[in-house]
Amino acid sequence: MATTTSDVQIDIDAHDEHHHGPDKGLMRWVKTTNHKDIGTLYLWFAFTMLLIGGAMAMVIRAELFQPGLQLVEPQFFNQMTTLHGLIMVFGAIMPAFVGLANWQIPLMIGAPDMALPRMNNWSFWILPFAGAMLLSTLFMEGGGPAFGWTFYAPLSTTFAPDSTDFFIFAIHMLGFSSIMGAINIIATVMNMRAPDMKLMDMPLFVWTWLITAFLLIAAMPVLAGAVTMMLTDRNFGTSFFDAAGGGDPVMFQHIFWFFGHPEVYIMILPAFGVVSQIIPTFARKPLFGYSSMVYATASIALLSFVVWAHHMFLTGMPIAGQMYFMYATIMISVPTGVKVFNWVTTMWRGSMTFETPMLWAVAFVILFTIGGFSGLMLGVAPVDIQYHDTYFVVAHFHYVLVTGALFSIIAAVFYWLPKWCGRMYNEKLAKIHFWWAVISVNVLFFPQHFLGLAGMPRRIPDYSTQFADFNMISSIGGFAFGASFLLLTYIIVNCIRNGEPVKDERVWESARGLEWTVATPAPYHTFNEPPKKAEILNESSHIGAH
Amino acid sequence: MQSNNQYFVPHGSYWPIVGSVGMASLLGGFASSLHGNVLGTGLMVLGLVIIIFMVFGWMGQVVLESESGIYNKQVDRSFRMGMGWFIFSEVMFFAAFFGALWYARNLAVPWLGGEGNNFFTGQVLWPDFKAVWPLIQVPDVSKYTVPKGIIHAWEIPAINTLALLTSGATLTWAHWALLNNKRNQIIAGLIATIVLGVIFLALQVAEYGEAYQHLDLKLTSGIYGSTFFMLTGFHGLHVTLGTIMLIVILMRVIRGHFNPENHFGFEGVAWYWHFVDVVWLGLFIFVYWL
Amino acid sequence: MLSRRYSVDISSINPLSRVPLFVVQRARSVLCSLGSKLSKGLLFTLFFLPFSAFAEYGLNLTEGVTPVSKNIYGLHMLIFWVCVGIGVIVFGVMIYSIIFHRKSRGAKASNFHESTTIELVWTLVPLAILIAIAFPATKVLIDLENTDKADMTVKITGYQWKWQYEYLDNGVSFFSNLSKESNDKRQLGAGGDFPENYLLNVDRRLVLPVDTRIRFLMTSNDVIHSWWVRDLGVKQDANPGFINDAWATIEKPGVYRGQCAELCGKDHGFMPIVVEAKSKEDYAAWVKEQQALQKAAAAAGEREWSKDELMVQGQKVYSTSCAGCHGVTGQGIPGTFPAMAGSAVTTGDIKAHIDIVMNGKAGTAMQAFGGQLNDSDLAAVITYERNAFGNNTGDLVQPSTIKSAR
Ligand code: HEA
Ligand code: HEA
Ligand code: CUA
Ligand SMILES: [Cu+2]
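Chains as they are written, first to last, in my numbering: chain S, 1 to 546; chain V, 1001 to 1290; chain U, 2001 to 2406.
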């Protein structure tokens, strides 16, 4: 079975090569409309931004290493916090997932490319400009944005430096890029699937991205609206966020979080998808509860639009509002729990091996759940009084974002990299890196729970001596975790340049899915002919569909 | 080219990067011009020119490809989905401003007047403030302009509603004509739609003039003016864009593009126009009337 | 480049060179005390020790001293244990599976992948647990939101970066700034000794009586701040243009500390809160004392001040009220806060100078200090600005000038 497939594949390749293979040189990357090229661009861009955002985190942790102002001025510290948050969210995590989507979705649904290839290129090529505009604010008079990644008015309107208008337009551009990317993904999934692939045959990564794309299209324009109102409040005398004119600064928070809460699920749903691909492969067992996974993802997405004000329990919201948002928020634990239980049950009575992608996936399940638990605690309105705007919140969201979203991205890269470049990474180094990272990241973020409960507010450059010990531990963990990325860089570059060649199109013994039916490394053009029914069913039955 | 049932994947393209450069110059230039940088204004204009160049170049190529017949049904579907979801994203963009209007009117302003759990807000901070909508008086009159009056629904806005609704009908009439391949009727329908769109815009400009010159109703008139101009302004911008797109479509029809089976360009613009129409109804009801 | 551009005040003393030695010393002490703390922290992580033991190590919330804070603490512990319980089960099953269902142990994969029953169970059981949490949570919420029937009211206004307290029942009113020791120390950077309650100390405490139902009204003069005292179970945003309320009945005399909990600009980390709860009698005496002090301050504004007096007082006022933005050495921060040294205002027309200090500038961070400082303090700080930082204009401003400018 497998042999015939690959024969056909190679055939198509050879036939294709003289039609249009990749161009040569830099212009290949600027002009490209190929989903694999664009995926690669996204991933490298995201990785660069991760290093920049991470370097800012290192400044934060270095300043907080011990009490007393040591390295940077408070204003600059706030710029680091703000840009760290913005760059990680908009520059690293989101583009990384879009990169994965670009590489994988056409491969996983048997499509020749994305639905709108030129627009796909534009979605990417806006990002470097937006990122550059955002970073350039650091060098302007008055410094970059220093009002937190949540940029609450009026600190970001009346009380912010001129560079803020550049920040606003950078957000506009990032939003535009995301919306176009999301439109492309929906069109691809809905219109480019192999004709014989039904929705319920799709791998979960495709499902989660489809749903994420809906979230993006609904949420990003609202963010654009928020920054537009900021722009006019700052420059044209409107009073959306100023009580003196009948507006309300809290209104900004409502609009922001109407975007912001779906945004955090935008960063976690594709992660769920990744993990749902990896665990069955290494447990050698179909995913448990495929359809309930799909429904759970959809419920999480829907709920995410009606819980936003759990970030605002202390803004003076009427009590009925607080109750409603509390109930709705903690409800999200139910579908999320379904996912966690399904993963665990997939592992149950499997025949597991622990190659690097599996290690990251398992770490994801455990550590994300810990982050989810603290999320649940935050969701209980009266107790949030003590947690809000403390390091407890910082601990919560780094567990879901770093050991959640980021870990899943790393898992995905280790899982699919051999398919992409036809070379195997160094398993031994990768395992060392895993243990190094997973231990240091807990040293980094776990003590932040204690700091928050003990009363340390977030976004402060200096703190009282009673918080010194845990901050020092956290910083040490932070430096160790940061350094682990140097090793990661080496492992990846080494894999791409001199890794052991992989010939088997399956790569992993028990991997299933259409992406494993094309040659390794994946040819520049794939699926010029859509895969056949039998093959689709064979591949999808192993991921738990049917 | 490849066989007919193959999806058309264009080879590399320069237009996206041109678009990105244009967008970055436009917005970067705008931001610096806001702080009195003359070079910024220049950059902004340059960016705009680049973007217009890009739009025409890119769309021109798409039209060319479309006319050469390499787009199959599946490609057409991708375009339709793209346009549909793009319009949905626009709906959400307007939703942010409608949301702001709703919030200000039903929550923020009453709270400033001391309602709900904001008894002390009214009592201590704004004892002289009366919360009535439309908000003619602002809490702090030293900071914002006080308008003398508001725009009433059953004057220009009602005429505008009529104009836009009629334009929706004329456009649909043109669409029917297209389906039945009656070229003259398509052209007549499109021209009528464009004329109605221009009438709408002209009346809107007149209304703004009235507001600024006689009513003192401005962007700076507190939350009423802010929401009023933001909503109607962004809507007006969309009508302008829609009108330009209709003109382009008219020219394509005159050149003999489109046939009953294959006319995504026409339909995409029609959807957009209807969307702008529906937003206006929302505006008429929530901004002017209620 | 960073330190040149941003270290306006502290660059000269920033002891980067001292860091290594300090780190060694500190690390030694941390390691000693940490041995025990860390192991307890780890145990906490593993959910084994009974809880009350942790409060003293600063690992957990404290119970606090008001009915609300105690309820919150109880709720916090409840949810915590629920999560621990679920975690133990989920992770337990998973770890069992990881150990026993691995290929290297010869495990064969089974092929089951669906069960509607079990999916239903693990949807409904968590749902039931959540409903069980929601009941007590709602009760606590309703209680803490009800601010009726207060015995006294304190209005709290956030400013960049200090708090104003106004006792609406007896006319006492004052500003509370970061204490001088903390403020001096933070300019010096790391190393050396830290004053007690570094960054958690103020120049004037909010004094409150015990066993009294106190209503707090929170608002702000500029950006959003948030007034938080953990032991009181109160954290409430202070929004400009709106008033939020909260309440507390303090059950135990003592000193309770907190901090601003909403990012409010550069010195967000430096606007602490200190509440001192006294017996009712002591509180009444304190109020009398404050009223007398306020009278005396008013009287001081009536007389003529000497230049030295003005400069000494001016420096004091400047360092508490102005240095936060304009810098101790009057250099400001380019692009955000103008310099006082050689500024056209501080060396030009006195009237304009008095005007901007008293009335501020709408739409900027420059507040109106007319309502914050009394005549003599305003006179002193303006005199100081006109003669310090090399501005040597020689001008004197008397309290009487300020009075007539009001
Ligand atoms: C990937 C991102 C991500 C994810 C997935 C989540 C998931 C959740 N978050 Fe989180 N959150 C953030 C990112 C994320 N969050 C960020 C960035 C912030 C801070 C923003 C800022 O202010 O800067 C934040 C802040 C934040 C707050 C505001 C805190 C404050 O500022 O005071 C709240 C409050 O309700 C909250 C709640 C939740 C909840 C209930 C979930 C739930 O989805 C979690 C559900 C999961 C589980 C519960 C675990 C698994 C479930 C089981 C094993 C089943 C059984 C369990 C039970 C029945 C308990 N989050
Ligand atoms: C989206 C994802 C994301 C990711 C991946 C991270 C990653 C990290 N974050 Fe992040 N963080 C946020 C999102 C994220 N964060 C958000 C949204 C906020 C809120 C912002 C706000 O308050 O507005 C925040 C805030 C925040 C704070 C609170 C700041 C404050 O309140 O003042 C802290 C403090 O410790 C912190 C630390 C870290 C660290 C140490 C990492 C590490 O995981 C980073 C590791 C990566 C690297 C270090 C880079 C790679 C390595 C190199 C460049 C090599 C050189 C380095 C060495 C040799 C050491 N973050
Ligand atoms: Cu005031 Cu933070
Ligand atoms: Cu949220």
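For the record, the hints were derived by calculation from the structure and aren't laboratory data.
None of these values were measured; they are calculated from a predicted model.
Beta carbons are placed, not taken as given, at the ideal position from N, Cα and C, and that holds for glycine.
The reader is advised that the hints may include incorrect statements.
[To be verified] Taking lysine to aspartate or glutamate pairs in the EDC-like style, the calculated list, with each CA pair at most 16 Å apart, reads:
#1 S:Lys-428 / S:Glu-500
#2 U:Lys-2252 / U:Glu-2063
#3 U:Lys-2108 / S:Glu-509
#4 U:Lys-2103 / S:Glu-535
#5 U:Lys-2155 / U:Asp-2143
#6 U:Lys-2103 / S:Glu-355
#7 U:Lys-2149 / U:Glu-2181
#8 S:Lys-428 / S:Glu-535
#9 S:Lys-198 / S:Glu-535
[Said to hold, decoys possible] Which bits of chain U does chain S cover? Going by a derived footprint, with three or more residues having C-beta under 8 Å, they are:
#10 2091-2105
#11 2311-2322
Here's how the hints hold up against the structure:
Proposed proximity of Lys-428 (chain S) and Glu-500 (chain S) is supported: the alpha carbons are some 13 Å apart, at most 16 Å. Taking the CA atoms of Lys-2252 (chain U) and Glu-2063 (chain U), the gap is near 12 Å; set against the 16 Å cutoff, the hint holds. Simply put, Lys-2108 (chain U) and Glu-509 (chain S) have alpha-carbon atoms about 14 Å apart, close enough for the 16 Å limit, and the pair holds. For the proposed pair Lys-2103 (chain U) and Glu-535 (chain S), the alpha carbon gap of about 27 Å is over 16 Å, so the pair is violated.
For the hint pairing Lys-2155 (chain U) with Asp-2143 (chain U), the CA-to-CA distance comes to about 21 Å; that exceeds 16 Å, so the pair is violated. For a cut-off of 16 Å, the pair hint linking Lys-2103 (chain U) to Glu-355 (chain S) stands: about 12 Å separates their Cα positions. Taking the CA atoms of Lys-2149 (chain U) and Glu-2181 (chain U), the gap is about 39 Å. The hint is violated against a cut of 16 Å. Restraint check for Lys-428 (chain S) and Glu-535 (chain S): not satisfied, since their Cα atoms lie roughly 34 Å apart, outside the 16 Å limit.
Simply put, Lys-198 (chain S) and Glu-535 (chain S) have alpha-carbon atoms about 13 Å apart, close enough for the 16 Å limit, and the pair holds. Chain S is given as covering the stretch 2091-2105 of chain U, and this holds because 9 residues of the stretch bring a CB closer than 8 Å to a CB of that chain, at least three being needed. Given as covered by chain S, the stretch 2311-2322 of chain U fails the check, having 0 residues with a CB less than 8 Å from a CB of that chain where 3 are the minimum.
When the structure is compared with the earlier hints, violations turn up for hints 4, 5, 7, 8, 11 and for no others.
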